[in-house]
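Engineer: This note's numbering numbers the first residue of the sequence shown as -1 and each following residue consecutively.
No lab work stands behind these hints: they were computed from the structure.
Fair warning: this is a prediction, and the values are worked out from it, not measured in the lab.
Ideal placement from N, C-alpha and C gives every residue a C-beta, glycine not left out.
One thing to keep in mind: the hints can contain errors.
[As the list claims (entries may be wrong)] Below 30 Å or equal to it, Euclidean Cα-Cα: the simulated DSBU-like pairs (lysine-lysine) are:
| id | residue 1 | residue 2 |
| --- | --- | --- |
| 1 | LYS2 | LYS82 |
| 2 | LYS48 | LYS2 |
| 3 | LYS40 | LYS2 |
| 4 | LYS116 | LYS86 |
[Said to hold, decoys possible] Derived Cβ-Cβ restraints for the label pairs, each shown as a range:
| id | residue 1 | residue 2 | range |
| --- | --- | --- | --- |
| 5 | GLN129 | SER109 | 37 to 43 Å |
| 6 | GLN129 | MET169 | 36 to 42 Å |
| 7 | MET169 | THR130 | 54 to 60 Å |
| 8 | ALA132 | SER110 | 57 to 63 Å |
| 9 | SER91 | GLU120 | 41 to 47 Å |
| 10 | LEU103 | ALA132 | 41 to 47 Å |
| 11 | SER91 | MET61 | 46 to 52 Å |
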Amino acid sequence: MAWKLLPTDYTDAVWSGLKRYTQVDNSDGTVSFNDVTTYTNKEKSFFGAKDANRMNEALNYIMSMLENGTNLYEEFQTYFTTQKELFKSSGDSSYQELTQYFVNLKAQGDSSLAQIEKTYEEHMTTYESEQTAAFNTWFAGIKGKLNEDIAGSLQNQITEVDERLAALEHMTLKNLFTVPVAIDNTGTTLLADDLGNAIVADWKYKEE
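Given these sequences and hints, build the entire structure.
Structural biologist: As structure tokens, then:
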């Protein structure tokens, strides 16, 4: 068994003035006194049988070795060597436990980080899928309208060009030209009706 050092931190209990007691009347007719004095350092002021027995055991052990011719120097050397080995063993064990704790802690941290990354990737994949689906749904909803608008615009332009070509062909073949009536010499100001439509005039071209 490892030697446990005897305590050397005893203190004297200190109080101010006279000690104070309260009287307690017991049921058997006797009285007791309760110490209500305020002390300082009271906790370390007791020297009991346990401490006395430990001191006596240590002294008895030393005296018995002396009486039996034991070399105390060698005995103490053996004792300190044993204590050194016990301390080293305890330190090595604590170091191994601490090292293993950090290894386990790192493993837990790596596992937690991997789980966080996996969860993040899953959430991002789900989010991207949801956003892609939402965009596809939205685009599918307006795709028809976009097609209709573009096709309608192109058709209107084609119709307008066809009408212009037909009018030009008619004027060329029939020698009957239709043009807006200008009211100035530059030809930029046209005569129009109340609705803003240009008023046109017809004439035939005759060579001299």
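Engineer: May I ask you to test the hint 41 to 47 Å on the CB atoms belonging to LEU103 and ALA132?
Structural biologist: holds, 43 Å
Engineer: Are GLN129 and SER109 spaced within 37 to 43 Å by their CB atoms?
Structural biologist: violated, 30 Å
Engineer: If you draw a straight line from the CA of LYS116 to the CA of LYS86, is it 30 Å or shorter?
Structural biologist: violated, 44 Å
Engineer: Lying within 36 to 42 Å: is that true of the beta-carbon distance GLN129 to MET169?
Structural biologist: Violated - the Cβ-Cβ distance for GLN129 and MET169, about 58 Å, lies outside 36 to 42 Å.
Engineer: Look at the Cβ atoms of SER91 and MET61 and judge whether their distance stays inside 46 to 52 Å.
Structural biologist: violated, 36 Å
Engineer: Is the distance from the Cβ of SER91 to the Cβ of GLU120 consistent with 41 to 47 Å?
Structural biologist: The hinted range 41 to 47 Å holds for SER91 and GLU120, with Cβ atoms some 43 Å apart.
Engineer: For LYS40 and LYS2, compute the direct alpha-carbon distance and say whether it is at most 30 Å.
Structural biologist: holds, 23 Å
Engineer: Between the alpha carbons of LYS48 and LYS2, is the straight-line distance 30 Å or under?
Structural biologist: The given pair, whose Cα atoms are some 13 Å apart, holds under the 30 Å limit.
Engineer: Cβ-Cβ distance between MET169 and THR130: within 54 to 60 Å?
Structural biologist: holds, 57 Å
Engineer: Is the straight-line distance between the alpha-carbon of LYS2 and that of LYS82 30 Å or less?
Structural biologist: Satisfied, since the Cα-Cα distance of roughly 14 Å is no more than 30 Å.
Engineer: Does the hinted range 57 to 63 Å hold for ALA132 and SER110 at CB?
Structural biologist: violated, 32 Å
Hints 4, 5, 6, 8 and 11 from the earlier list are contradicted by this structure; the remaining hints agree with it.
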